[in-house]
Each structure stands twice: as C-alpha cells, then as structure tokens.
Amino acid sequence: MSSARVFFVGGLLSFRAQFNWLSPWILVPSLMVSPVAQILLFAYVGRAAGVGDDRFFLVGNALNYAAIPCTFAMTFAISGERWAQTLGLVLVTPARRLPLFLGRALPVIVTGWAVAVFGLGVGSLLLGVRLEVAVWPSLLLAVAVTSVSCTSLGLLMGAACLRIRDGATLGNVVFLVLLVFCGTNVALADLPAWMAAVGEWLPLTHGIEAARSVAAGAPLGDVAGPLVRELLTGLAYGVAGLATLGWMERDSRRRATLERM
Amino acid sequence: MVARDLRRSFRTTQGRLRRTRSEVEAVRGVSFEIAPGETFGLLGPNGAGKTTTIKMLITLLLPTSGSASVLGMDVVADVRAVRRRIGYVFGGDRGLYDRLSGLDNLRYFAELYGVEPREQQRRIGALLELVGMTGREHERVEGYSRGMRQRLHIARGLLHDPDVVFLDEPSIGIDPVGARELRATIASLKEQGTTVLLTTHYMFEADELCDRIAVIRSGEIVAEGTPEQLKRGVASGRVLEVETYGVPAGVVETLGDLGPVHSVAVEERGQLQVLVLQCDADSEVTQDVLSRLGDVRVGRVSAREPTLEDAYVQLVTQ
Amino acid sequence: MTRLTTRARQLWLCYRLQLKILLVSPFEGFLGVVFPLMFATATLLVYRVEGDPRAMAYAGLGAAVMGVWTSVTVAASSLLNRERWAGTLELLVAAPTPFLMVLVPITTAMATVGLVSVVVTLVWNRLVFGVRLDVASWPLLVLGVLAATVTIAMFGFLLSVVAVRYRTAWALGASLEYPGWLLCGFVVPVSLLPLVVRPLSWALAPTWAVEAMRSAASGGSPWGELAVCLALGAAYAALAAYLGRRLIESARRHATLALT
Chain R
1 MSSARVFFVG
11 GLLSFRAQFN
21 WLSPWILVPS
31 LMVSPVAQIL
41 LFAYVGRAAG
51 VGDDRFFLVG
61 NALNYAAIPC
71 TFAMTFAISG
81 ERWAQTLGLV
91 LVTPARRLPL
101 FLGRALPVIV
111 TGWAVAVFGL
121 GVGSLLLGVR
131 LEVAVWPSLL
141 LAVAVTSVSC
151 TSLGLLMGAA
161 CLRIRDGATL
171 GNVVFLVLLV
181 FCGTNVALAD
191 LPAWMAAVGE
201 WLPLTHGIEA
211 ARSVAAGAPL
221 GDVAGPLVRE
231 LLTGLAYGVA
241 GLATLGWMER
251 DSRRRATLER
261 M
Chain L
1001 MVARDLRRSF
1011 RTTQGRLRRT
1021 RSEVEAVRGV
1031 SFEIAPGETF
1041 GLLGPNGAGK
1051 TTTIKMLITL
1061 LLPTSGSASV
1071 LGMDVVADVR
1081 AVRRRIGYVF
1091 GGDRGLYDRL
1101 SGLDNLRYFA
1111 ELYGVEPREQ
1121 QRRIGALLEL
1131 VGMTGREHER
1141 VEGYSRGMRQ
1151 RLHIARGLLH
1161 DPDVVFLDEP
1171 SIGIDPVGAR
1181 ELRATIASLK
1191 EQGTTVLLTT
1201 HYMFEADELC
1211 DRIAVIRSGE
1221 IVAEGTPEQL
1231 KRGVASGRVL
1241 EVETYGVPAG
1251 VVETLGDLGP
1261 VHSVAVEERG
1271 QLQVLVLQCD
1281 ADSEVTQDVL
1291 SRLGDVRVGR
1301 VSAREPTLED
1311 AYVQLVTQ
Chain Z
2001 MTRLTTRARQ
2011 LWLCYRLQLK
2021 ILLVSPFEGF
2031 LGVVFPLMFA
2041 TATLLVYRVE
2051 GDPRAMAYAG
2061 LGAAVMGVWT
2071 SVTVAASSLL
2081 NRERWAGTLE
2091 LLVAAPTPFL
2101 MVLVPITTAM
2111 ATVGLVSVVV
2121 TLVWNRLVFG
2131 VRLDVASWPL
2141 LVLGVLAATV
2151 TIAMFGFLLS
2161 VVAVRYRTAW
2171 ALGASLEYPG
2181 WLLCGFVVPV
2191 SLLPLVVRPL
2201 SWALAPTWAV
2211 EAMRSAASGG
2221 SPWGELAVCL
2231 ALGAAYAALA
2241 AYLGRRLIES
2251 ARRHATLALT
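Protein chains in written order, with our numbering: chain R, 1 to 261; chain L, 1001 to 1318; chain Z, 2001 to 2260.
If you are wondering where the hints come from, they were derived from the structure by calculation, not from laboratory data.
Yeah, the Cβ is synthetic: ideal placement off N, Cα and C, and Gly gets one too.
Please note that a few of the clues may not be correct.
[Unchecked claim] One side of the interface only, derived from the structure: several residues of chain Z facing chain L at Cβ under 10 Å: (1) 2009; (2) 2010; (3) 2017; (4) 2022; (5) 2024; (6) 2081; (7) 2088; (8) 2090; (9) 2091; (10) 2093; (11) 2095; (12) 2097; (13) 2137; (14) 2166; (15) 2253.
Sequences are here, hints too, so could you generate the full structure?
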C-alpha cells in the first residue's frame, strides 16, 4: 500500500472501525446539543454579568467545544486499539508511521471543524448574533486551523494513553484546562497574568483570538499572526505526539507494555 | 413446579434504516413437572431455550402462552409471592457489584429479599462457610477469581433459604476443582430438601446430580427421564469410536447407511477426526466400517458403553 | 409499623451500600466534583471581570449546586444500563422488594455525592475568588441545599426510568448537564431567559430550591419556594413510580431486561 493510500483509505477505515459504535443517539446529544447549550450557558452568564457580548461567547465556546471531538476522538483512535488488542497488529505492518497516524487524524479534524461550524451557525441563530456572509470564509479557515491544532494535542494525548490507562479522565481534564485557560470566556487580558501565560502556549487560544477578530469583520490579513501562531502550536504538539508514539513503540518492544491492559 | 405448554417468542428487528421485523420462537410448548425436593436437569445446546424457560419460571419474562406455577403459585399472577420463595443463580462472573465487598453484596441482597436482621447475620455466616469463602468476605469483589465470584453468586441465591433454586449453567468457566466443590454444594441442597432446576452443558454433572433430565432442542423437549433411562432409551447399544486422519465427508455419509449404525458424528481433534458411531447392541460392524473407510488412514478403534453425552449428542443432532 | 421499619431499614442499607460504590470510584468522583467546579470557575472568571461582589456572591451560591445536578443527571440516566451491563439488573428485578424501592436509594446516593461538591465549591469560591457569603440564616440555607439535593435525586429517579430504553443514555444524560445549569438559574437569573423557556425553568424543582437558598441567604422567607420545590419533587417521584411499574411490565413482556 502506498503512503497515500495508507493516509486516506487506512485513515478512514480505521476511523469507521473505531467509531462504529457511535450512533445518532450519541452524536446528536454530544456533538450538536451540548455545544449549543454551552454557548448559550456562557452567553447568558455574560449577559447577567454585563461582560462581553454574545458574539464573544459564541465564538469562544463553539471553538472550545470542537476540542472535545478533536481530542477525544484522536485519543481513542490510538489508544482504543489497545482495548481491542489490535494496536500490536497495526504496528507490525510495514506501513510508514507518519501517514498511518496522520491518516487517522484527518477524519477527526473534519469532525471537529463540523462541530464548531454547527455550533457557530445554530448559536448565532438562537442568540441573534449577525455573522455577515463575508466573514464566513475567513471564519471557516480559522476554525479549520484550530481543529488541526486541537487534533495535534489529541495525538499527544493518544500517545500518552498508551501508558496511562484512563483516557476519558485525561480527556476531561484537558478539556477543562482549555475551557479555563484559553480565553474561551474571558479575554486573556482579563485573566490573571499567570493563567494568560499558560494559555499562550496551549492550542485553541490563538485560534479563538483570530476567529473573534474575523467574526467582528477584520480582514484575514489582520489575523495572520495569531493563525500562524495557532498552526505552529499545533505543529509542535503534533511532532511531540509522533515522537512519543515512536518512542513508545520502540520501548514497548523491549518491555511489552503495549498489549498490557 | 409445573410448566404447561410454555411458549415464548421474541420480536427482533434488523437494519437501521429499513427495519425488518421477524418473530423468533425461543420456547415452543415446553411442559414438565418437578416434584418437591427433586433435582431436575435441563440440557440443551446454546440457544435451545433453557434460559428463556428459566426466566419465565422466575417471573422475569411473561410467557407468550401456556402457564407455569412454582410451589402452587402462578408465575404471572403471584409474582411477589413466587419471588420470595425462589432463588436464582446464573453462571459467569457478572451479576455482582465489583466495588463492594463480598459481604456487602450479600447484605444488599439479603435486604432486598427481606431477610430479618438477626437472621441475616447467622445466614450470611453459614453461607460463607458453605461456599468456602470465610475470611475473604471483606475484600472487594473485583479482586475475586472467577470461581470465587461464582461461589458468592450461589451464596447470594440462597440468602433467603429458598424452597426452589434455579441454577442456570452455574459451572460455566470454573476450573475442575471448583466445579467439583460446586457439585458438592448442589448435592447438599438436595439433602436439605431444596428443589433444584439445573441447566448445564456438562453431562457428567447432570448425570451425577440430577434425578431427572429433560433434553431441550430448538425450544422443544425431545426427551425426558432419569439419566439411566436416557442412556438406555436413546443410545441403546454400543458406541464405536474410530480415529481417522483426513477422512472425506462423503465417506462418513456412507457409514451412516450401514444397517446397525444409528448415527455418525465426527469430532475434530487436531489432525485426526474421531468418528463416533452409535450402533445396535449386539452388532459387529467394525469390519464393515473399516472396509468402507478404504484407503483412509485409521488409528485406534475402540468400542464402549454409551454415556449420557452420547445420548445427548444423538438427541440434539437428530 | 414493623413493615415500615423494615422498609426504612432496606432503604437505608441500600443507600449506604450504593454510596460506598460511588465513593470508591475515582472517575465518578472526578466527574461529579471537578467538572462542575471548573465550570463554576469559568463562570466566576466572567463575573470577576466586572468585579461586583454582590454579583459574585449571587453566582457563587448558585454555582455550588451545579455539582448536585451533574452528579445526578449524568449518572442516573445511565443507571439502569449500568446495572444491565453488570448483570445485576435482572437480579434486582427478581427480588421481592419493589424495584422502585431499589432505585430511589441509588439516585439519593448520587445526590449525596453532589453534596460533597457543594462544600468543595463554596470553599473554592472563598479561597480562589474571595467570594464572601453573607448568609442571614444558615439553617434555612442548609435546608434549601437539602431540598435541592432531594428533589434532584427524585428528578434522577424519573430520568433513570425514562432513559432506560436508550442504550446510549449516558450521552443523553451528559447533554442535560448544561441546559440544567442554565434553566435552573444556578448562575443566571431565570428572569433573564427568554419568555418561552421560563415555564421549563419553573417546572424544574432545583430552580425553586436555588431561589429558596438565595432568600435564606438574604434574610427573606424561603418557605414558599421550598413548598413548590418539594411539591415538584413529589410529582417527579409519583410519575417515576408509575412509569417504572409500566416499564417492568413491558420488560417482562418484551424481554428487554437482560439485553447487553
């Protein structure tokens, strides 16, 4: 199998194999109802507190919630195979690792992107936030960049979950960290300085910043800085994830840790 | 305990978009009577309807038609009264709260069965003794071995000193030593006069424990009687076992055409296939069989008396 | 009288053992306490931008009950499915004790775990955000918290019965978390919500419990709100009991108890 086929066909097949238990009964509540509910929750908190405006909370929470499919799905795309005891089988194939794991990331990125866009669309209708037609192309791009960087974080988490067992707890912790530190509901400038400093180095932070600017009508050129920064952050996490995976693979051959439950 | 023409069908649906419904009859007219104090075995392959039958008797399922009573009480009308007097134990390692200790599991169910507080303590102590778990009752169940879980299950089923106990494949997945202890426990129930309905896959277990046995196949009872009667009645005669290496299916069929041969079954054991032939009692078919096998390589050939397992295999493969 | 004491004993023991199960599970403890705590934190971070201490106190008090809602709705909706996977559902139904008397102590135990998060959140708010609660009557406030806990437990009871048909009830339960926080007015005044959803808020017992807590804290009389709250809780319980009985009937008819 060529690397391109490993990337596209292999990625899609493994995505379907891993997530075939996901039915509409799970997808609708967790990827459509909950993100909208989170947007509304914080938009009303903002109204009650007299802080920010609806658009601020709409963009922040729509992108924040996209981190759920990105990180969870990517984590399980890797560590889920350990449950099924298939990871060893995948790793003994001669397929190159980079397209193998990146192929798994692509459907995840698309899912995260779609969840955020759905949240933005429905949330703006419910809250009466006007997003001009002209802002959508740049907004979609900003969401895509953010999905990529969050999925990269998921890759690192998936690698970590080959060693630590409770992937669901880790996923929740990371989600909460992103909620509180990334400027989801409070602009970095209004956060305590140390929290803002942590947020600078997390994925999502600069993506939200860029998306807020373009949603407010800023041209794409104005947000090139934060977008590149978001992409670079994602790249760094992705490289760290792949390196960890490679290290785990070599290490497990010595110590047989992959198949241990 | 009386079951009269019990029937139960299930509706199943398939497909996500175009749902096709079909109705499956799991139990099709099962009748039997079990006398007080009797140990009754219900044998049959997987999916034959054993568990469904039990679930109707213990009030978890309503029969589609037919009726059943336990200790003279109807299983549809007198639900609570029936539940108070019966115990239910199923095999495998589920059905326990992993995060509670064995003792807490027993206390929980003792309370749900309305066992008096004073009685509870005495009873739990005695049952722990009976199933050989004294000393480990304070540990959490998640650390128990499969055999221990199974024994805890049995203790749970006996908490309220039921008059009738339903044991659904209780020995599944237990090691031979544990299975032997389990058989001893069941035998002691019988001595106390408890009525037992037992389902199992293990023939020697049924042979050893049961007063009477019913063989169920595709939801119908195909034979009923004491283990002796079943052995005699069905597989009257002898069993010829022939070890072969690579016997073609066509040849096996021709063996069944031999006059004194009632049935032929093939057991795969690694490279060799053991042909099990049920034959007339005083027939001599060995020569005929060997000549029909022709060029096929043959190993050991032996003849023996039929066991309950032979009777069972013949009944369920007919 | 003896039958009553027997029942009370059964409820108490079932409650205690179920609480034990919940307390030894780190994951549920995490979900029940840390998740709502971090959402309370995010909320207070928003309120902190304006820095109005009265608004902070308002949000801080309501945020404390968020955890009770979470620990019950998320867990109760998958309650029966969990018993089903453990293989204990059939055993519980086969026991002579009415099944509903088995369920109530379980959801009450879940709500009790939520009480832990009430205390944790209040302490956290004080230490991290310096939220000072000026409470006129502590006994009445505690009464309000308990009313919230009990009625949320009854809501969970209702939820567990309603959700049993859905194999994926955990997803359904998790998606009730945010809307509940919003509709019950934990951190946002109900009067701010659109008119059309306000009846929903009024139908939720915790809304009245939180109002009662705020009245108790500010020195008003919480009794009116408490009465509505408890009446709603009783209505949930009655509805759940009715549905539960029908559920067991239908499970016996359609063989849906054991399916894994």
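Checked hints:
Below 10 Å, beta-carbon pairs count as interface contacts, and residue 2009 of chain Z has one with chain L at about 7 Å; its hint therefore holds. Using the Cβ-Cβ criterion of 10 Å, the hint placing residue 2010 of chain Z at the interface with chain L is satisfied: the shortest such distance is roughly 5 Å. Given hint, residue 2017 of chain Z at the interface with chain L, holds; its Cβ is 5 Å from that chain's nearest Cβ, closer than 10 Å. At a threshold of 10 Å, the smallest CB-CB gap from residue 2022 of chain Z to chain L is about 9 Å, leaving the interface hint in force.
A distance limit of 10 Å between C-beta atoms decides the matter here; for residue 2024 of chain Z the minimum to chain L is near 5 Å, and the interface restraint holds. Among the interface hints, the one on residue 2081 of chain Z is violated; its C-beta lies about 14 Å from the nearest C-beta in chain L, farther than the 10 Å criterion. At about 6 Å, the closest approach between the beta carbon of residue 2088 of chain Z and any beta carbon in chain L falls short of 10 Å, and the interface hint on this residue holds. Evaluation of the residue 2090 of chain Z hint against chain L yields a held restraint, the C-beta minimum of about 6 Å falling below 10 Å.
Checking residue 2091 of chain Z against chain L by beta carbon gives a least distance of about 6 Å; that is within 10 Å, so the hint holds. This hint holds: residue 2093 of chain Z has a C-beta 6 Å from the nearest C-beta of chain L, less than the 10 Å allowed. For residue 2095 of chain Z, the suggested interface contact is upheld, since its CB lies about 4 Å from the closest CB of chain L, less than 10 Å. Restraint check, residue 2097 of chain Z versus chain L: the minimum CB separation of about 4 Å is within 10 Å; hint holds.
For residue 2137 of chain Z, the interface hint is violated, since its Cβ never comes within 10 Å of a Cβ in chain L; the closest pair sits about 38 Å apart. With a cut of 10 Å, the hint placing residue 2166 of chain Z at the interface with chain L is violated, because the nearest CB-to-CB distance is about 15 Å. Because the beta carbon of residue 2253 of chain Z sits about 5 Å from the nearest beta carbon in chain L, less than 10 Å, this interface hint is met.
Hints 6, 13, 14, counting from the list given before, are not met by this structure.
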